[in-house]
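Visitor: Protein chains in written order, with this note's numbering: chain L, 23 to 153; chain W, 637 to 876.
Wrong hints could be hidden among the right ones.
Label-pair distances were calculated between CB atoms; the ranges are [to be verified]:
#	chain 1	residue 1	chain 2	residue 2	range
1	W	Leu873	L	Leu35	41 to 51 Å
2	L	Arg65	W	Leu641	49 to 59 Å
3	W	Pro652	L	Leu27	13 to 23 Å
Among chain W residues calculated to face chain L with C-beta under 8 Å, some are [said to hold, decoys possible]:
#	residue
4	His642
5	Ala722
6	Ser750
7	Ala754
8	Ala765
9	Phe798
10	Asp821
Listed below are several chain W residues computed to face chain L (Cβ distance under 8 Å; list not exhaustive) [stated by the list, open to error]:
#	residue
11	Ala685
12	Tyr726
13	Val758
14	Met829
15	Leu842
16	Leu873
Hints are computed from structural coordinates only; laboratory data are not their basis.
All C-beta atoms in this analysis are idealised placements derived from N, C-alpha and C, irrespective of residue type, glycine included.
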Amino acid sequence: MLGTLTLLLLCQLAGELAARLLHLPVPGPVLGMILLFGGLLLRGGVPAAVQETAGGLLRHLSLLFVPAGVGVMVHVTRLETEALPIVVALFGSTLFGIAVTAKLMAFLLSRTDPRLQDEPATGNSAEGDRA
Amino acid sequence: MSDDLHQIWVYLSANPLAGLTLTLVAYQCGLWLFEKLGRRPVLNPVLIAVVLIAGVLSLSGIDYRTYFDGAQFVHFLLGPATVALAIPLYNQFQEVRRSALALVVALLVGSAASALSAVALVWAFGGSAVTILSMAPKSVTSPIAMGVSEQIGGLPSLTAVFVIITGIVAASFGTWVLNLVRVKDWRARGFGMGVAAHGIGTARALQVNEVAGAFAGLGMGLNGLATALLLPTLYHLIWG
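Please work from the sequences and hints to get the whole structure.
Guide: This is the structure we're talking about:
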């Protein structure tokens with residue numbers, strides 16, 4: 023666990039340094055992610071310990087959003103005065119984004135590899151999607 | 637007695653322990669309520685935790701900065717967690733290569749559709765420039781979104797709020813939209829959720845179907861990358 027955390031922090035640090043030194047318009051952790059991905063490709067596999075610790079961290083990913091989310095308190099005034107554009111944009115663009123991405127992806131999948139197409143998700147609205 | 641309590645209060649509110657503990661306790665409450673109330677997507681654990689903490693802070697008169705001094709230890713982990721996204725990406729690499737063309741095209745179009753429609757809608761309904769810039773990266777997982785927001789002149793903390801609401805909207809209404817546009821392929825359904833609604837959309841897709849969950853995680857990671865690379869570049873091209 024300690025080793026994995028060290029690895030993740032080293033990748034992040036290298037990413038931050040590269041972003042600052044080269045003036046790249048990309049956040050440091052993203053460069054860190056690319057570095058780690060490249061490293062895994064070179065190595066040809068994920069060590070079990072890394073798989074486990076990283077899995078644990080990602081399972082609690084949503085906890086990590088909480089402190090930033092509480093920042094809503096700081097923005098109450100803005101959210102009130104601009105409520106209409108904010109609400110319309112959040113609902114409209116999110117649902118539009120889902121629809122466009124999924125529809126295009128389904129269309130392209132059916133054209134490129136019909137062989138691999140999964141069983142149609144019939145009845146999903148009845149059972150699988152209750153949760 | 638009340639003087640002792642006051643002393644303790646002064647000590648705790650100047651110490652990271654209180655903010656950190658409050659964050660973890662509120663999140664556990666959020667998880668518990670989410671399970672108790674039948675795992676309704678609208679009652680997302682993140683949403684519950686945020687509301688609880690905001691309530692506690694308002695009632696006790698502690699300001700957000702003081703709270704964040706403690707909570708920053710949780711917040712800090714977003715960095716290493718972003719790096720760790722390389723691992724699910726690597727695990728899905730075979731699947732990715734197989735449907736690479738469809739993935740790349742759907743990613744670029746979907747990513748642009750989410751960001752541009754958000755910007756256009758805020759602008760059309762009269763939102764301010766700062767709100768527009770903070771809204772642009774809202775479909776991406778928050779560590780990336782906040783970094784991008786900072787680079788293009790938005791408010792990272794406002795972006796974080798938009799990111800979380802985006803996830804909750806998708807978790808609540810995503811299934812309905814996917815049924816409406818009649819997409820049945822689980823790979824496409826999951827990918828749409830991941831690209832448009834990051835981690836919270838991915839968590840939701842995982843609840844419904846494993847294949848959808850894997851592709852959602854992939855969509856989240858790829859869109860994080862695409863947005864981090866493309867949005868600041870576009871911004872500098874357009875606004876200099």
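Visitor: The structure should be examined with respect to each hint, and the outcome stated for every one.
Guide: Taking the hints in turn, this is what the structure says about them:
{"no.": "1", "hint": "Leu873(W) with Leu35(L): 41 to 51 Å", "verdict": "violated (30 Å)"}
{"no.": "2", "hint": "Arg65(L) with Leu641(W): 49 to 59 Å", "verdict": "holds (56 Å)"}
{"no.": "3", "hint": "Pro652(W) with Leu27(L): 13 to 23 Å", "verdict": "holds (19 Å)"}
{"no.": "4", "hint": "His642", "verdict": "violated (24 Å)"}
{"no.": "5", "hint": "Ala722", "verdict": "holds (4 Å)"}
{"no.": "6", "hint": "Ser750", "verdict": "holds (3 Å)"}
{"no.": "7", "hint": "Ala754", "verdict": "holds (4 Å)"}
{"no.": "8", "hint": "Ala765", "verdict": "violated (11 Å)"}
{"no.": "9", "hint": "Phe798", "verdict": "holds (6 Å)"}
{"no.": "10", "hint": "Asp821", "verdict": "holds (5 Å)"}
{"no.": "11", "hint": "Ala685", "verdict": "holds (5 Å)"}
{"no.": "12", "hint": "Tyr726", "verdict": "holds (4 Å)"}
{"no.": "13", "hint": "Val758", "verdict": "holds (4 Å)"}
{"no.": "14", "hint": "Met829", "verdict": "holds (6 Å)"}
{"no.": "15", "hint": "Leu842", "verdict": "violated (10 Å)"}
{"no.": "16", "hint": "Leu873", "verdict": "violated (11 Å)"}
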